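**Q** As a plain string of letters, each chain reads:
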Amino acid sequence: MTLTAEQGPTHPKTTIVLFSGDLDKAMAAFIIANGAAAYEHEVTIFFTFWGLNMLRKDELVRTNKGILEKAFGWMMPRGPQKLALSKMNFAGLGPQMIKHVIKKHNALALPQLIELAQEQGVKLIACTMTMDLLGLQQEELVDGLEYAGVAAYLGEASQGRVNLFI
Amino acid sequence: MTLTAEQGPTHPKTTIVLFSGDLDKAMAAFIIANGAAAYEHEVTIFFTFWGLNMLRKDELVRTNKGILEKAFGWMMPRGPQKLALSKMNFAGLGPQMIKHVIKKHNALALPQLIELAQEQGVKLIACTMTMDLLGLQQEELVDGLEYAGVAAYLGEASQGRVNLFI
Amino acid sequence: MTLTAEQGPTHPKTTIVLFSGDLDKAMAAFIIANGAAAYEHEVTIFFTFWGLNMLRKDELVRTNKGILEKAFGWMMPRGPQKLALSKMNFAGLGPQMIKHVIKKHNALALPQLIELAQEQGVKLIACTMTMDLLGLQQEELVDGLEYAGVAAYLGEASQGRVNLFI
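Chains as they are written, first to last, in the working numbering: chain U, 323 to 488; chain E, 323 to 488; chain P, 323 to 488.
Next comes chain U alone, as it looks inside the complex (with noise of 0.2 Å):
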């Protein structure tokens, strides 16, 4: 079997499954995630549950919701920004820490990891099924994303060797 220069050779898929709403583990994931794109690799972010908060946008933005989805609009974190730590948050000292660390050190913020995930072509997927009972809407979350459920990400994942839930 030849392959053409149209074919190529095949890039190594890696996903991430972001179930986790801490900073931390955000930073950490999106790291992985822009490393794999550098190196090639065809890489896909699936988020879910807590993960899902850092997609929004974080203006408060109109929409007709239930009283529950009210609340849960309300308790969770509105875009990067606002994530709390993992461990050592006390009450947001610690974000800030870390902040003026990555600020210091010249490192990529979680806006800017975010973003340069985008421009590398690294696939955004929001889950709709916790999208559904979160009660999020697409007009809440930040563009460029696409919408799938968990069929999508385990398509990606069962061809790919790096497969990490954070």
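Honestly, the hints are just simulated from the structure, not real lab data. Quick caveat: nothing in here was measured; it's all calculated off a predicted structure. Note that CB positions come from ideal geometry on N, CA and C, so glycine has one too. Certain hints may be false.
Stated by the list, open to error - A few chain P residues that don't get close to chain U, going by computed Cβ distances all over 12 Å:
1) A359
2) E364
3) F412
4) K426
5) L438
6) K445
7) D465
8) L467
9) G482
Unchecked claim - Listed below are the simulated EDC-like cross-link pairs for lysine to aspartate or glutamate, each with C-alpha atoms no more than 20 Å apart in a straight line:
10) U:K409 - P:D454
11) E:K392 - E:E381
12) U:K425 - P:E391
13) U:K409 - P:E468
14) U:K425 - P:D454
15) E:K425 - U:D454
16) P:K425 - E:E391
17) P:K425 - E:D454
18) E:K421 - U:E391
19) E:K426 - U:D454
20) U:K404 - U:E437
21) U:K426 - P:E364
22) P:K426 - E:E391
23) P:K421 - E:E381
24) U:K421 - P:E391
Starting from the known structure of chain U, fit chains E and P onto it as the hints suggest.
**A** Here is chains E and P on its own, set in the frame of chain U:
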């Protein structure tokens, strides 16, 4: 080499180490496991540490245990109805909210997700080393489980591609 | 193609990103790593974020640091004996209970699990990016580590099948 009908095509293997005893993480694990089983993956969930708690019967089972093992037994939740959320637990209000929205959307709650996994032939392995350490006995756990150690897990996982730690 | 004795069969690669600094998760990671090494997998653990704390020497090492890096150094646990549990920590009572049952069952505690991993040739990589951010220096960490970034991790993981994030 020819492939006879008896041998058939091999099914992809998918494994999950379910370490967490949180309701939300357990739901994510079973949604992925059930999805993979629906796509004819051979799925194994290896329950270890706090993950074992969702396999406990909800009634109290009389056993002969040391004081420390009894203490673990009292402190740890008995069965999938008793699990807390990893975030926004609010002393049990969070899980009630989640259960409410699940019902409202006709989605499957954790006990039904576990039942579906068993119906679909997902292999549920209870980690015997953790059972020894925490003093959990087989008669305290639900029926239909296999009992094995990390070697059994590695045997499955090393043939799989989607291998998650949750 | 012939396979010479020098080349030998290739061993399966197994990798773990150890992000967590929790005692229970660290134990799970090392039990899997040691099991895989016993089955002749080439195992790599990549320590990042809070996972680095279990590699710290337990004595205080004098270093020249900024105030923020000093603060991180004070707040974070020094070495495997100081880690907390992810659940049921009860201000340190939980870890004591776990250590007690481990001793009672003649199981290996975390310091011994780490030692065994090193004896079995498990590759322990400290994430240099996290070390920069948190101000951890090589003389504060135990001997026998490699120092590298996410690229080294991805190099190993993209050849592996069992790739976990813990």
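**Q** Going straight from one Cα to the other, do K409 of chain U and E468 of chain P come out at no more than 20 Å?
**A** violated, 25 Å
**Q** The output says L438 of chain P does not contact chain U. Does that hold with a beta carbon cutoff of 12 Å?
**A** holds, 25 Å
**Q** Is it true that the CA of K392 of chain E sits at most 20 Å from the CA of E381 of chain E?
**A** holds, 15 Å
**Q** Is K425 of chain U within 20 Å of E391 of chain P, Cα to Cα?
**A** holds, 14 Å
**Q** Please work out if K425 of chain E and D454 of chain U have their alpha carbons no farther apart than 20 Å.
**A** holds, 12 Å
**Q** Verify this label for me: F412 of chain P is non-interface relative to chain U, using a Cβ-Cβ cutoff of 12 Å.
**A** holds, 17 Å
**Q** Holds or violated: are the alpha carbons of K404 of chain U and E437 of chain U at most 20 Å from each other?
**A** At roughly 17 Å apart (the allowed maximum being 20 Å), E437 of chain U and K404 of chain U satisfy the hint.
**Q** Between the alpha carbons of K421 of chain U and E391 of chain P, is the straight-line distance 20 Å or under?
**A** holds, 13 Å
**Q** Taking 20 Å as the top limit, are the C-alpha atoms of K426 of chain E and D454 of chain U close enough?
**A** Given pair K426 of chain E, D454 of chain U holds - Cα atoms ~10 Å apart, limit 20 Å.
**Q** Hinted pair, alpha-carbon criterion (20 Å max): K426 of chain U, E364 of chain P. Please report holds or violated.
**A** Roughly 37 Å between the alpha carbons, so the hint for K426 of chain U and E364 of chain P is violated.
**Q** Take a quick look at A359 of chain P and tell me if its Cβ sits farther than 12 Å from every Cβ on chain U, holds or violated.
**A** Answer for A359 of chain P: holds, closest chain U Cβ roughly 20 Å.
**Q** Does the structure keep K425 of chain U and D454 of chain P at a Cα separation of 20 Å or less?
**A** holds, 12 Å
Of the numbered hints given earlier, the model fails hints 9, 13, 21, 23; all others are met.
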